[in-house]
Every structure is written in structure tokens, then in C-alpha cells.
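Model the placement of chain B on the given structure of chain A, informed by the hints.
Each chain is listed here by its residues.
There are 2 protein chains.
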Amino acid sequence: MNANPKFLASTALVDEAAVQPLPQSRKVYQTGSRPDIRVPFREISQDDTPTMFSGEKNPPITVYDTSGPYTDPDARIDIRSGLAPLRAAWLDERGDTEFLDGPTSAFGRERLEDPKLAELRFNLQRTPRRARAGKNVTQMHYARQGIITPEMEFVAIRENLRREQYVQSLRDSGATGQKMAELLMRQHRGESFGAALPGAITPEFVREEIARGRAIIPNNINHPESEPMAIGRNFLVKINANIGNSAVTSSIGEEVEKMTWAIRWGADNVMDLSTGKHIHETREWILRNSPVPIGTVPLYQALEKVNGKAEDLTWEIFRDTLIEQAEQGVDYFTIHAGVRLPFIPMTAKRMTGIVSRGGSIMAKWCLSHHRESFIYEHFEDICEIMKAYDVSFSLGDGLRPGSIYDANDEAQFAELKTLGELTQVAWKHDVQVMVEGPGHVPMHLIKENMDLQLEHCKEAPFYTLGPLTTDIAPGYDHITSGIGAAMIGWYGTAMLCYVTPKEHLGLPNKKDVKDGIITYKIAAHAADLAKGHPGAQVRDNALSKARFEFRWEDQFNIGLDPDTAREFHDETLPKDSMKAAHFCSMCGPHFCSMKITQDVRDYAAQQGVDEKDALSRGMQEKAIEFVKKGAELYHRA
Amino acid sequence: MNANPKFLASTALVDEAAVQPLPQSRKVYQTGSRPDIRVPFREISQDDTPTMFSGEKNPPITVYDTSGPYTDPDARIDIRSGLAPLRAAWLDERGDTEFLDGPTSAFGRERLEDPKLAELRFNLQRTPRRARAGKNVTQMHYARQGIITPEMEFVAIRENLRREQYVQSLRDSGATGQKMAELLMRQHRGESFGAALPGAITPEFVREEIARGRAIIPNNINHPESEPMAIGRNFLVKINANIGNSAVTSSIGEEVEKMTWAIRWGADNVMDLSTGKHIHETREWILRNSPVPIGTVPLYQALEKVNGKAEDLTWEIFRDTLIEQAEQGVDYFTIHAGVRLPFIPMTAKRMTGIVSRGGSIMAKWCLSHHRESFIYEHFEDICEIMKAYDVSFSLGDGLRPGSIYDANDEAQFAELKTLGELTQVAWKHDVQVMVEGPGHVPMHLIKENMDLQLEHCKEAPFYTLGPLTTDIAPGYDHITSGIGAAMIGWYGTAMLCYVTPKEHLGLPNKKDVKDGIITYKIAAHAADLAKGHPGAQVRDNALSKARFEFRWEDQFNIGLDPDTAREFHDETLPKDSMKAAHFCSMCGPHFCSMKITQDVRDYAAQQGVDEKDALSRGMQEKAIEFVKKGAELYHRA
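These protein sequences, in sequence, are chains A and B. Each residue of the first sequence is one higher than the one before, starting from 1 at the first, in full-length UniProt numbering. Each residue of the second sequence is one higher than the one before, starting from 1 at the first, in full-length UniProt numbering.
FYI, nobody ran anything at the bench for these hints, they're computed from the structure. One or more of the hints may lead you astray.
Intra- or inter-copy, both count: the list cannot distinguish identical chains.
Heads up, simulated DMTMM-like pairs for lysine to aspartate or glutamate below, C-alpha to C-alpha not over 25 Å straight-line [said to hold, decoys possible]:
#, residue 1, residue 2
1, Lys27, Glu384
2, Lys179, Glu410
3, Lys510, Glu377
4, Lys417, Glu304
5, Lys447, Glu191
6, Lys277, Asp570
7, Lys510, Asp563
8, Lys27, Asp47
9, Lys349, Asp172
10, Lys511, Glu571
11, Lys27, Asp72
12, Lys277, Glu571
Next up, chain A with everything else stripped away, as it sits in the complex (with noise of 0.2 Å):
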């Protein structure tokens, strides 16, 4: 059983899958303008072009990189220690925070003082913090006295993914340098519907976006293993992936192993969905070694609190669980706040009604006692938690459709409409928001959510799940949701939070968790593309060129999915040589699309002369001889 710390202890580091860099990557770090700032960035090598074509060097291409130090095989790590603090001095510099003696929540000192819980407890060596009296310790609070934090600088660093490095490292490969950094630097100019993308992200623009609330650095003070990254509209597109046991599967060990191999696979956050036991335990193993930033529903820990009786649930129970985590270090909560009690009556005629974990324990909450819901009551109190250890808000659309049927409804919007009210709240306290979305929506009325949203929340980020665009595909909502996951990401969308092939079915194992955030990445990244976002196009076009010349290893290497791909080729052509070789399996040697193109190209390049002209210029008679040559050479290769 993987829940016991002694098998974590005995192994000491998390399993070798996840802790392997991926094939030709290195890390690399970017040092800022202080030491302590070295952003991560993964560097991936790649192999000369073959000298039957143009012989060039292909300078190493940079990615964004959510790995954390698993990936660096300098690092050490132990998970019973976790990982270093890296933002600990940051913090302490401000000076505007405290530590204190101990957990300040009940249910924080009761876990601690329970020696019953001894062998499953995270052995951490520090106390919480806390702002001092008075303090507002948030991004947003910061960004709004105009402060440039080391967290503002490191998340401007990652987004600009060291693209003036590339361009000049192309520039100076030979002498056709000049004319492949315009190659591969060229994308095609987006559509954004309103985004304002910069040409480069600077610390300043990451300050603004924040100060106006259109984007968030969830960075918990308690949490400073993490690697600050935003998420906002004006910046690449981000993905979330959920994790957590339930009572009926799963365990701590599993659930660590879970996030590590998350983040290898680019889950820029995650989420610990637990419900079962020991969910404070899991958690604290889960923030302990997390790099990126650890979201929960803090509803569902309060519920197990009062044996799963939702009308039992009250609004002490409710904060002292929020100040539990917020003093572990969870970094954004969601918030069901708009489950208010007169929407409730509009999900009745619904085919799916409420389908929200927490958007159905707050109706049955409101229902029960017939009273408007304490959270949406206590607002207030809680943005007075929120800035006392920055914790973000993820306000939850406890309302969003469950069905195609009951998309866009008029429960969904009043709540959107109150999310956007609560945004406006927030702000006030200088406490950072993103606002969920659904769910289940055909892809034409996709827009209208995203445009509402931009509406009602003033363009706070937007973070969806989903949407899947039809109910028929049980077994494939990575997909269906991963199309509507594309389209409302280019709309608009900040982060977009992962389905899994298991979703409606079981609970993800690795296989649907890797499933799932290689969709969302391609979703992602199609949304940055069709946005315009600066430099996505780079690693398309660095891979279409890499398949065009037939740098097999490159195509593998670049691609989302190293391994993947690699054994796909390999299924057909095992053997290493064929690696090297001119052609693929789908059209055999002879027969080979864009080795015929190479041929069209280099025939022009000989005539000396610009392409359209050399058709007029007697090329009918070296034709044949060129071609009989060309065939020649294949039949060698």
C-alpha cells in the first residue's frame, strides 16, 4: 500500500519515470536581475541537417518548462524533506509577514497533536506564516503600489521563453543564418478578440496585468517551493491538472507520484480534489514537493468534517478550514460563492441538475436551511484570509451545465453574473481572482461564456473546464472537452483545466492523467497559435522542418510526447539506422512525397534564379537528368 510514508521513506525519491530528463533536453536557468531569480527552462538539442540537403546547424530551441528540479539532475531530492524553499528569502525581504508558533486552525493542531497520525505526517521543519497585523501580503496588493516583486520578474522571464537567445543563436549559424531565423521566427498574425499581447512580456506588463486584475501569480506564502508562473489572458495558455484519492481508491503515495508525473508532462497547476481520508496528510506531501502551484476545493475537506452531512456544514467549519490549508501553503482555493439560494429552483427543470460537487452541497446547504449560502454571506471574511497568505481565488461555477442540454442556462449565467460581482469584491481587498467556467457546451454557443465572462468579471482570468462539446463519447471526454478546451482558450480562456479519458467513468490512473495533459497542451497551444501569441509558432515551425528534413529524432524529441512518438516509428521501423533514413513507413522508399518536393526545391536553387522565373529558363532539358540523378540517390539511401 503506497498511502504508508514508509514506503515513501524507504524509496526516498519519487519513481524514476518521473525523474528522467526527456530525451536531448537539458535544463537550463535563467538568471534574473538578482541571483536568486533563475527561471527554468528546458533545452532541447537537435541534430544537424543532413548535408544532402543544406548541411545547417540547428540551434537547441527553448520550452517552457513545469517541471520543477525532478527534471535536473543536479538537484537532489528527497521527498521527505521537500523541495527548497526558493521563495523564501523574497518573502522574508518584504517583511510584511510573520511566522507563527503553530497552526492557528483547530482542525491544524488537532492533526498535529494526533499520534495516531505520526508515520502518514509530512515532517516539516517550519511554521506557518502569516501577513502581520494589518498587512495585505498579495500579488495584486504589491502590483497596486506600483512594486515590481522577484515573482513579477521570474513570471516575465518564463513567458518570453528566451526567444531573443534563439533568434540570435540562428542568426549566427553560417552563413544562411539570417535567412533561417526568418524562417523559423515568422507565424502568422492571430486573432486575439481583443487580448493585448505584447511583443515580449517585461516585469512592468506582468505588474499592470496584475494590478488591473487580469492576471494572477497563485504563490501562497506558505507554498515557497513554488515557481511563481500567470495566468491571465495577455499570456500563454495554462493547464490544470486535477489529482486526489476518494474513499473508495486511491492513496498519498499515489497521489504525489500523480503531480510529479503531472508536472513532467506540463501541468502548469494542480489540483488536489482529495474527498477520502487523510486529506490533510495527502496534501501536505502534495504541497511539499510541488513546484507549481496546488489548488482545492476546500468545501470538500469541510464536508468529510461533518461526516459528509452537508446541512450540518457551518460557516466556522468552513473557515477554519480555509485558514487550515491557507496556513499549508495551498495556493488557490475554489470557492463556490455564486451557488446562491434563489438560483437554486432555475437547475430543477434541468436534464442534469446540479453536477458541481460543491455547487450540489451548497444547494443542499441552502435548501436545507432555506437561508442564502453562508459562503456567499461571508465574502468578506474570506478575502480577510485570502490576503493574509495571498491565497488566489478560483471562484467556482457550482452552476455549470452538465449535459449539452443544459447549456448556458439562465442558472449558469445568474451565477456568472454573481461571480462577476464577487470579482469586483475581491478586487476591492486586492486579492487575486481567476473565475471557473464550464463544463458541457456545443461548440456554437462556446463564445458567448467566454464573451459574458469578459463582461461580468472585467476580464479576470477565466479558467474552464472544458467544455466538452457532446454527451455521445464516454471513454474520449479528453476529446470532446479538448476541442472545446482549443476554442474557448483561443476566445479568451487563461487556464484550462484537463479532462481525462476516465472522466464520468473512474478515477485517472497515470496512463489517463498523461492522456489528459497531452490534450490540453495541444489545446493550449492551438489557442496561443490562433491568438497570435508571440513566438507560439517557434516550436511548429522548428518541428515542421525537422520532419521536412527528416531529422526523425528531432520530430520525437521536439514534440509533446517524446516517447510516444518515438515508439509509434518504431512499431514499423525498429531499427536505429532507419532513424537516419530518407523515407517512412507510410510511403516506402521509393515513393516519398517530401523527398520529391526537396528535389522540385534544389532543381530551382540550381538554376540560380528565382523560383517562378526558372521554369521559363530551359528547364525542360535538364529536367530528366535531374530526375533520373534525384531517383538514383534514393535508391542508394
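Below, chain B without anything else, positioned relative to chain A:
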């Protein structure tokens, strides 16, 4: 070696996995205006709603069925004999065709007379059929004469999916019947971008659409085994699966198996893209056993005939290949007539040149001879062949982009315009036409492709390959392209050519074929929903109702892939009793949002008042009692 017909003969039946009826499904036929118009459907039966909810009967739902006789337990299939020629009588009746003494193509005769091929040869007992002198036997020709053929009536019945019967059975199902009918037949108003979707498809509507070229029924008179189907923007969006061997891998037996496997999961059309040995014989086996239209790229075989040397191709060889394949029964030909000499230099500055195999062959030919394409120049001669057998054109997009970089460029759109001109030429001959489209296109440039196609090609059906919306995910191009396919289907594309996970990496195996098909069924259906195709939402509604009512088996069976859905569910909750459980592994027994929602609804109903009023009438007092009762109920479950 499966290619050997001895193997085929020894098994006689295709593999068991492809012939079992799907779970809780049975083949049903609806008879048209004459007894030999028997239109196949799949009917999926459903369980009653659990009595703890409303307890009503759920009538079976009907879905489109491409699997032909294979899933009919009454059918006896021996692939050595092929399928029954269900359209033979219709062809005879029209009296405008005649049986030839044998193949009239030189190649067809040569293969027939070669004793070495005896082992590989399908034992066909009839000779080819051809239009009698001066006759035109296309469905378009009949349509323009005002004739409604049995094929058109077949298609009309097929497209309506027995919706009227379903509504009636809902209405008949007890006291709540009318309410159920309203619930389950409701759907969102769509956005069809100018399509003309009728409420129900009549045979006359089919005739009109074919007459004006807005739809085709690909139905070669030498493929009487095929069940008529329509491709057009005002019909259900269709999908095509490519199969085919190459010089490197695969065999006849495998290709027949891939065909039966593909139609089991919903391929409306299959293209045989073989490029290896025994193309002629492989094709014969596929055609004789295929209930769906078969398309090919005759140029591939023509190239084999000149040993892979594009420059040696001649009109005579190409023409002989067209006749050879038309007499075997190929329903549509991809013809790369738009790759004209002046367009070729436009591709020289591309990232990935010409990636279409057909396009690159013709480019090589044109450059070698410095001549205009012989296919373009002989286009009217080709029309003469097409109308003698009713082969439809699929005008190939030989200059489609092979990378995001190359999307929507000058070469691509120059070719598209030419395809529009050729469409007019074909229509002058009453020859049916569809037009092929890209390729690799970022999301925001997809609609331009559709709009230009509608404009240049006057609404001739568009048939696109994806498009792939990013290049960075080799191994997942079913997903990168499924996104684009759903969108372009919504915009008006009539048929989507699938892409499998092996795209760019290798030849698909059966798992890849299925993954590609399910992904494309999702894309096509998402497009139907977004267009507001009449009745498109019926299946989503039925599945969502089953999901909400914890009818697990129905949820699996109504979905596109019952096997995978069941398998995923059973990974966590394998026991049969769990299929009746009113919870699932995601949340566990005490905590199910669906269940809570049902409580909300039940309570409102108990009050016997409109749900919105319920809150104001003493709800508070009874609420606590109800919730307690509800909670007990789940604990028992």
C-alpha cells in the same frame, strides 16, 4: 502471412471482433416504398429508470449504422463470396447499363490472365457493368432529369434515423410520455453558417441537393454491394477512414480486416490507399466485402506501373488505371487535377513543400516535362469515364499545407480556385464532385478555407483532412486534427477524413484505426450539434438522462464505444452490482452530486408546486426532514 487468400479461405469469416453485435444493440431495417429498399439502423435498448427515481420505461434509440451485414446475426457472410449485390436490381431496372465481356482495361485483363495471381484473386462471378453507349449513369444525371432513384430514397430514410418512431414511442411510454418526448427531443438552435437544413429529409430533397451538386451519393455501378449514403453540407457530417498497405508493411488480409473494423466503429467511407504489391487484388477483396463506398487515388497505382518514376507517367497509363478501377467498382477517385504547372514554383518557399503524395508526383511530372499536367488537360476525358460508371470526383488538394507555417498560402488557394473551375466542368457532364481540403491550419485560419471553398466550388461538398491545428504533437495528431475537423465540420464541411495517432510516424494498426474513427465521430457529431442539425441532440439527451439516472449500462451502450467505457468503469468498480450503484468511483457512496441534485428536484416535486415558488412555501421546515431521509437512503445503497 495474412495476405494469402488460403488464409482467408480457411477462415471464411472476418475476425470475430468485427462481427459481434454491439452490446444491447440489434440491427433493424426500415423498408421504403418498395420491399428491396431496406435501410439498416442500429437500435440500442435501454433499461427502465430506477424506481427510486421516476421508474419510467426508456424506449430504444436508433443510431446510424455503417457496419453493413457484419453486425446482423441473420446474415451469413463468407468473404470468399463477398456481400450480396443489394443494388443490382435497381441497376438492371434502369436499363442504361450493359455487362461487358470482361475488364476492358489492359491492366485488368493482364491481371486476370496471370496464372501466378490465381491464389490471390477474388473469385468474382460477374463481369463489369458499363453505361450503354451515349448513356450517363450518374446519380446527378438522374437527379437533374427529376428522377428519384432508390438510392436517393434509401439515403433519405437513412438520414432521418427513425426519429418519428422514437418520438412516438416516447409519447406512448406512460403518463409522462409527452413530457419525456419534449425533454428528449429538445435541442439548441444551431448556427449553420448558411446551410439549408430541413426538419426532415425527403427523397425529393435528396434529389434536389444532388441535382445542384450540393451533395453526392458515391455509388459506382460496379459496387452494387454498397449501401447508399450521402455526402453534403445539409446532411449528417460523415467521416472517412484511410487504410492501405505500402511497400514496407501490411497485407491483403489485414486490409480487409481494417475495413470491417473501421465500419464497425462508424466509418462512412473507406479509402484504400495501398501503394505496395497487389494493389489490384487487395482492392478487389475490399470492394467485394465493403458495404460502404470505397475511394482510391488512382495515381498511386499508375505510378507503380511505371516503377515509381513519375516522369514516365502518361495519360494512356493513367486512363487505363481509371478504367481498371472503375470496372472494379471504386466509388470515388481522388484526382489531383489542380496541381498545375504555374502553381508549382509557388511552393518553393514553403516550410514543408508539397506533402500530398499525389501532388508531389504531379509536380515532379510537370517539372520533368515542363508541361501542364496531363490530368488537368484531360479532365473532360476523365469526366467521360466517370459518367460511364458513376464514379465521383474527389478533387485532390495536392498543394495542401503540410505545416502550420504553410497554411492558407498562395499555392493552396490557387489550386482551390482551379478546383472550383473543374467542379463546373464536371457538373457540365453531370458528374458528381466533392473537393478535398487541408491539412495543417491554425484555428483562426480554418474558416477562410471553408468560405473560399463555398465561394469557388459553389457548395460542392468539402472533404477535409483534419485540419491539424498545431504541428507539435506527433503521436497525437488524431487530437490536433480532431479539433480542426470539428470546427470545419461546423462551418460546412461535409466529410472529414480521419487522422490516426500514427500520422507522420507509421501505418495505423487496428487500435489506431479505432482511435482515429472515434475521434472523428466525435468531431462530426460536435459539428452536427453546432450546426443545429435536426435531431442531432437526441443521442446526447438520451445519454445524459441515463447518466443522471445512474443507468451505467445505458451510459456505456449509447456512447460511441461501449467497450472502452465499460472497461474504464470496471477498472475501479469491477463488480456487476456496481453497475446498478447510484454512485461512482469518482466521489464514493456518501457524496454524489447527481444524487444530491435528484434530492433537490424530488423535494420540489413533493411540494407539488412550481419549483421556483417552492422556496417561499414552508420549505424550510420540511427541508431538514427530507435531507435526513435522503441521507439514509444513500447509506443503505
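For each hint, the structure was consulted:
1. Within a single copy, Lys27 and Glu384 get their C-alpha atoms no closer than 39 Å, and across copies no closer than 63 Å, so neither meets the 25 Å cut-off.
2. For the homomeric pair Lys179 and Glu410, the shortest alpha-carbon distance between copies (20 Å) is at most 25 Å, but the shortest distance inside one copy (55 Å) is not.
3. Taking the shortest Cα distances, Lys510 and Glu377 never come within 25 Å of each other, neither inside one copy (40 Å) nor across copies (56 Å).
4. Neither within a single protomer nor between protomers do Lys417 and Glu304 lie at most 25 Å apart by alpha-carbon distance, with minima of 30 Å and 64 Å respectively.
5. With identical chains, the CA atoms of Lys447 and Glu191 are at most 25 Å apart both within one copy (14 Å) and between copies (12 Å).
6. Taking CA atoms no more than 25 Å apart as the test, Lys277 paired with Asp570 passes between copies only; the shortest distance there is 23 Å, against 43 Å inside one copy.
7. In this assembly of identical chains, Lys510 and Asp563 lie within 25 Å of each other by CA distance both inside one copy and across copies; the values are 15 Å within and 21 Å between.
8. For a Cα distance limit of 25 Å, the shortest separation of Lys27 from Asp47 inside one copy, 18 Å, qualifies, whereas the shortest one across copies, 55 Å, does not.
9. In this homomeric assembly, Lys349 and Asp172 come within 25 Å of each other (Cα to Cα) only across copies, at 22 Å, whereas the closest approach inside a single copy is 65 Å.
10. Taking CA atoms no more than 25 Å apart as the test, Lys511 paired with Glu571 passes in both settings, with 19 Å inside one copy and 13 Å between copies.
11. In this homomeric assembly, Lys27 and Asp72 come within 25 Å of each other (Cα to Cα) only inside a single copy, at 6 Å, whereas the closest approach across copies is 57 Å.
12. In this homomeric assembly, Lys277 and Glu571 come within 25 Å of each other (Cα to Cα) only across copies, at 21 Å, whereas the closest approach inside a single copy is 43 Å.
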